[in-house]
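Number of protein chains: 4
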Amino acid sequence: MSSNPVIAMLGRKLRLAVIGGGPDSFIGGMHRLASRIDDRYEIVTGILSSKPVKAKKIAGEIGICSDRIYSSVTEMLDAEAVRKDGADVVAIMTPNDSHCEYVLASLARGFDVICDKPMTNTVAEAQTVHQKVKETGLIFCLTHNYTGYAMVRQAKAMVQADEIGTIRLIQVEYVQGGRADENDPDPSGDIPWRHDPEKSGPSLVMGDIGSHAHNLVRFISGLEIEEIAAEVGSIVPKRQFHDFAGALLRFNNGARGVFWVTQAAAGVENGLGIRISGTKGTLEWMQEIPQILTFKPLSAPAQIRTPNGPGTLPLAAHSLRMVAGHPEGFPEGFANIYSDAAEAIAARRSGKQANPLALHFPTSADGLAGIQFIAAAIESSSKGGHWVKCATF
Amino acid sequence: MSSNPVIAMLGRKLRLAVIGGGPDSFIGGMHRLASRIDDRYEIVTGILSSKPVKAKKIAGEIGICSDRIYSSVTEMLDAEAVRKDGADVVAIMTPNDSHCEYVLASLARGFDVICDKPMTNTVAEAQTVHQKVKETGLIFCLTHNYTGYAMVRQAKAMVQADEIGTIRLIQVEYVQGGRADENDPDPSGDIPWRHDPEKSGPSLVMGDIGSHAHNLVRFISGLEIEEIAAEVGSIVPKRQFHDFAGALLRFNNGARGVFWVTQAAAGVENGLGIRISGTKGTLEWMQEIPQILTFKPLSAPAQIRTPNGPGTLPLAAHSLRMVAGHPEGFPEGFANIYSDAAEAIAARRSGKQANPLALHFPTSADGLAGIQFIAAAIESSSKGGHWVKCATF
Amino acid sequence: MSSNPVIAMLGRKLRLAVIGGGPDSFIGGMHRLASRIDDRYEIVTGILSSKPVKAKKIAGEIGICSDRIYSSVTEMLDAEAVRKDGADVVAIMTPNDSHCEYVLASLARGFDVICDKPMTNTVAEAQTVHQKVKETGLIFCLTHNYTGYAMVRQAKAMVQADEIGTIRLIQVEYVQGGRADENDPDPSGDIPWRHDPEKSGPSLVMGDIGSHAHNLVRFISGLEIEEIAAEVGSIVPKRQFHDFAGALLRFNNGARGVFWVTQAAAGVENGLGIRISGTKGTLEWMQEIPQILTFKPLSAPAQIRTPNGPGTLPLAAHSLRMVAGHPEGFPEGFANIYSDAAEAIAARRSGKQANPLALHFPTSADGLAGIQFIAAAIESSSKGGHWVKCATF
Amino acid sequence: MSSNPVIAMLGRKLRLAVIGGGPDSFIGGMHRLASRIDDRYEIVTGILSSKPVKAKKIAGEIGICSDRIYSSVTEMLDAEAVRKDGADVVAIMTPNDSHCEYVLASLARGFDVICDKPMTNTVAEAQTVHQKVKETGLIFCLTHNYTGYAMVRQAKAMVQADEIGTIRLIQVEYVQGGRADENDPDPSGDIPWRHDPEKSGPSLVMGDIGSHAHNLVRFISGLEIEEIAAEVGSIVPKRQFHDFAGALLRFNNGARGVFWVTQAAAGVENGLGIRISGTKGTLEWMQEIPQILTFKPLSAPAQIRTPNGPGTLPLAAHSLRMVAGHPEGFPEGFANIYSDAAEAIAARRSGKQANPLALHFPTSADGLAGIQFIAAAIESSSKGGHWVKCATF
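Residue numbers (our numbering), protein chains in the order written: chain Z, 924 to 1316; chain C, 924 to 1316; chain H, 924 to 1316; chain Y, 924 to 1316.
Hints are supplied without guarantee of correctness; some may be wrong.
Same chains, same label: a pair holds when it works inside one copy or across any pair of copies.
[As the list claims (entries may be wrong)] Within a straight-line C-alpha distance of at most 30 angstroms, the following computed DSSO-like cross-link-like pairs (lysine-lysine) qualify:
id	residue 1	residue 2
1	K1306	K1203
2	K1122	K1007
3	K936	K1007
4	K979	K936
5	K1122	K1057
6	K977	K1312
7	K1122	K1161
8	K1007	K1203
9	K977	K936
10	K1161	K1203
11	K980	K1055
12	K1203	K936
Just so you know, these hints were derived from the structure itself, not from any lab.
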């Protein structure tokens, strides 16, 4: 995209089919909003509920043409695959345990795919997805949306431009309070799918937010985690799922790090934060005030970097619509992932070169790394905190 | 809108015709983005340049159907007024001196109108626009977008709920650095329209940003300014337009205030800020970190109010799409103005009652008050800073 | 002083006689604390109450030797003036209406003087004090302590070093909530001296805090205010003293400014803040977080300047005792005024040159300028807000 | 102390003998400043250098009477122990390896002791010191000064008052940049004592700042660390001493925590910070802005707690000299430790009850816990990050 959204309106919009994200889902609405912001997509069909009758009802309500209202994902994919004006892209925002199936079904029919995180629940599934993406050459975009924030991308660009030197130390934390109250959700009510490890994966806190923290570290630093010493567990009583995880990290360049995620910190909203120190300085960013990136050089005054403010690098400028002083928010960060995927998809379909600045959205390789990281954290935790290797493919 | 954007997708989108806002215009792209965010509009036609050939070319580029590509505003309005699927709404984002003409032309043909601020350049024009809006009963929405921010609306709702008591003191400032450099724009180049008082109005700084500051004060406080003692002038040498204004204010309930706006504060990005003190406490808000509203009660600890955080009132919740901790930005604030106007327009067209929470967008009455305020400030300044009455209609 | 307080301990301590500041006075304790911090003074005598019996009792309690316990200021000054080991300096922290008398009495006996602000209640008194100081050649230090903060001094030094260029725009505000509650102090109880204009001067808010704001502006900018257009008044009902003042300012270099002070902003603690914009950038400082000075250059990222952090200039380093990252506070800022006065007094007494970095404490000239500013603000306010000249001596 | 420092001036000052802290030492000057702030001490003698000639010279320079200028610590302690007006208290601020010897020598002669941290270099020494303190019944105060900050004490008091409920999660970090530059200190120059493990202890980063972080956690939470899984090491190349440490923590009530300290984070000044989450809310505090304590309740807006602001609890009020809005700093936090020790020492000597609010300074038990924690961290690190028990005495 560009600072003038007119440009974004050029060319045919991509036709999007959505799976999941019905009226009770925050993330579903978020995906659709993200798809609209830069006008690169139009939603042409969707299955927003796993119940056929309800799925058809919702599709009508959100304005899907009657000839594209389907009962099931398979029916939709089959039909759209053969329509002349069929969907180009499938966006998946269902419970985690179904990601793998829907991704594979979509790839098999030639659709590019946008998928919510975590990519899958198991390493085996993640490897399968990654393998299929590579085989098909289709675009696979995983919505680790926090790496869509412009100032996160500015941080990555500053690292790449050697503005902080060789990275030595990384701290990442993702602290939320949404699961601090032991009576919420009401234990006598229905169990939300996230509280069922069959659906949400082996570690709720790691899948929900740990995977974001992991992706953020890798995105900005460009480093891989080689070893991890971790504890993953439940701090709120009577709870069957993980609500905190701590870890020490060793990176492939010798850097050291620390990782802390929890959803049980009462009163905290959405505290994702990172500090990366290199030989030349330190970068600090916090999601709750995403428009500020603090840069502390080794021997010069600390700087407040702002969106499109002085010193903005091309990757950040590419990720912004507003002039300086007009803060963009969470929706625009999410939209950056969608719009960059659109650029890549349009390029793939046309055989042209994509804008290289657009090629920073998370892929199946990133998704696989995330699932491997979760597995390693659980392994270390079960082995008394000992260092374990973190597989990198 | 609602916290689940699915709801926003219900019902027919409004058909939007745009006037102005071509590729070089920041605000044009912003208007179009705002119209997309909640999916309440579709742009069906537009004249994005005052030059007929260029206007047609741009219309094609942004995907306007060939049978709705026009050469002039008049041609467009005439044609759309009689089409069965003609535009419902006209959005105007041209230089200030043409607002009045285009608004009147649109109203005369029965279109609801969304217009960029300031509403007009003169009080007489503003009175005419306001009179016509009242006569026609059509919806007129002025995009003083800063009052679309959720936490500004939270502030207004807290004032209405008597959380700060009777208002006594108001400080507002709008400090920018965009015109601090005396060589920018290059004095040897073309004069931008904003630098020509014929086009941008009698006081550039007051029209550009003073009108926003004025609107913000009235929106949150619910008070009117009765008297003003002001200085309006140019601080950067060799400059023909105003770049700063200061004023003391007296409100209709006896409260006192201070007002300071400038575009010549080197290095400042977009520093719109307000502090309102009542008998029970003080509210503070700054546009550069719009997700935080600070509330300082008389005898209790200061509070950080956040979007959809604890204590969020209905007007703010109505203005938010995200759950707590996921900051929305400038585009969403702007979109709130657009989406609330959509609600009002749809209600007017259907004869149904609009959601009362949607009826807080700026109207022609607000626009007129703004132009009267600018006139009073200039009058006081020319009279040696003496207090002058600020007309309220 | 120096970053190593050992140095400060060199040489004989100055013998200090205090007038005022008994057990119920915050500022009295603050003065004595300030005198201790750098070990440049020892309190040898004092009259801490205007009631002779009480004065003697308190003197005993704070450890004054029995042969230096006096009944009255005159008795004390007379006796100390002839003792071989008599007081060197008199520190005055009585109600404002007595400052002039005690200063003159002290100067007449050859004592250097440290005096709390405002210097006097009337312009005539201020002129007399200033004249006597000039005639005697004695040191007179006025405790406008906010200009003792290291980062305020860093701001001054940056202005002097042309880091922000030619000053164009100045905003200063001093917002407190201490007099927001109309029932505090209890209207049925004794009237505190501050609420009696006979004792506290013609404008309580201007004497209490307006004088600080004025001093801060002049200290950092090095500019004089030539004209002022002001309103000074009472916003809390049934109040006989001023609790707010607003003003527009014109400086002697053509710069423009705005001034806002109040003690009626419910819930605000001690909000003294300043923003100064020059051709090259803007400085921002707020007293409640005094360890941060924000510098926003015209075309480079904003900087966070910290005490003894990178870019610290000599005047700030001179005003600090701690290494970077160890914030000093209000007491140290106050102590800087005391310790710089000690340096000047010791130099005067020894006939040696004082460290030029120590010669930035407020003097009688600053005190006179403050009283003249208050008078001009009241005059403008009474003349309907018209611009009036602000006398500069 | 009290909000009126007059009170602090009552009674005889304690006579202080200092060991260490010569002109090149930051901490030496800091100790002496801390002893002055509340006027509870007078320095009567001292050995500020390990070199006899230099020690005598410095003693003269700082104003020690000639009959109390000594050549060695032993000579000083012996002489002062028998003087009628001999020292009451010995303050030790020498390199870490000598703490144990000087503490024992002081206790043996009946002096109360104030000692810089870490208490000793080895667990055995720490146990000896702690045992001797218990045996003698003398006061031993360890200057973990960060727990002297008023808002840290407010946090402790809020925990004790159950305002955050049962503690579940603790994050502590101490991030500095002072040892980020691998050429500083100059490797070809003299090795500072801190870089010699014989003098500074087995882990420089843990002794220097890890011990502060550990003390801060225990002070606020009131919990003990039962188990630790850690890595302690050097991240800057060619370095013989530790410059970072990370750890996962298990507390004696089942709470979990994370610990991260480093002196190699380029550009960071003195970033000690803590977040403690209980069942009812979360507290956050950062040393660089020590005047703010953020409290995030489970279901109410986040609060900004300030010194002597609304909600201040007695322990914090006891630790403050200023009214609200007048921030105290690092020196006052350090002085709180000194002044509380003075209260305890004066009470011990007089046989009276000390003010219970003064009895929160760190003791030999805290010092021992700190050394045991460092030992456990090193043990876990050497065992591959496995969980190890953290001894508690």
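How the hints compare with the structure:
1. K1306 with K1203: neither (37 angstroms within a copy, 32 angstroms between copies)
2. K1122 with K1007: Neither way: K1122 and K1007 sit 35 angstroms apart in one copy and 50 angstroms across, limit 30 angstroms.
3. K936 with K1007: both (15 angstroms within a copy, 26 angstroms between copies)
4. K979 with K936: Answer is both; intra-copy 24 angstroms and inter-copy 21 angstroms each pass.
5. K1122 with K1057: within (26 angstroms within a copy, 57 angstroms between copies)
6. K977 with K1312: Answer is neither; intra-copy 45 angstroms and inter-copy 56 angstroms both fail.
7. K1122 with K1161: Only inside one copy: K1122 and K1161 sit 19 angstroms apart there, 49 angstroms across copies, limit 30 angstroms.
8. K1007 with K1203: Cα proximity of K1007 and K1203: none, with 55 angstroms in one copy and 58 angstroms across.
9. K977 with K936: both (28 angstroms within a copy, 23 angstroms between copies)
10. K1161 with K1203: between (47 angstroms within a copy, 17 angstroms between copies)
11. K980 with K1055: Neither: 33 angstroms inside a copy, 43 angstroms across copies.
12. K1203 with K936: Neither. Shortest intra-copy (44 angstroms) and inter-copy (45 angstroms) distances fail the 30 angstroms Cα cut-off.
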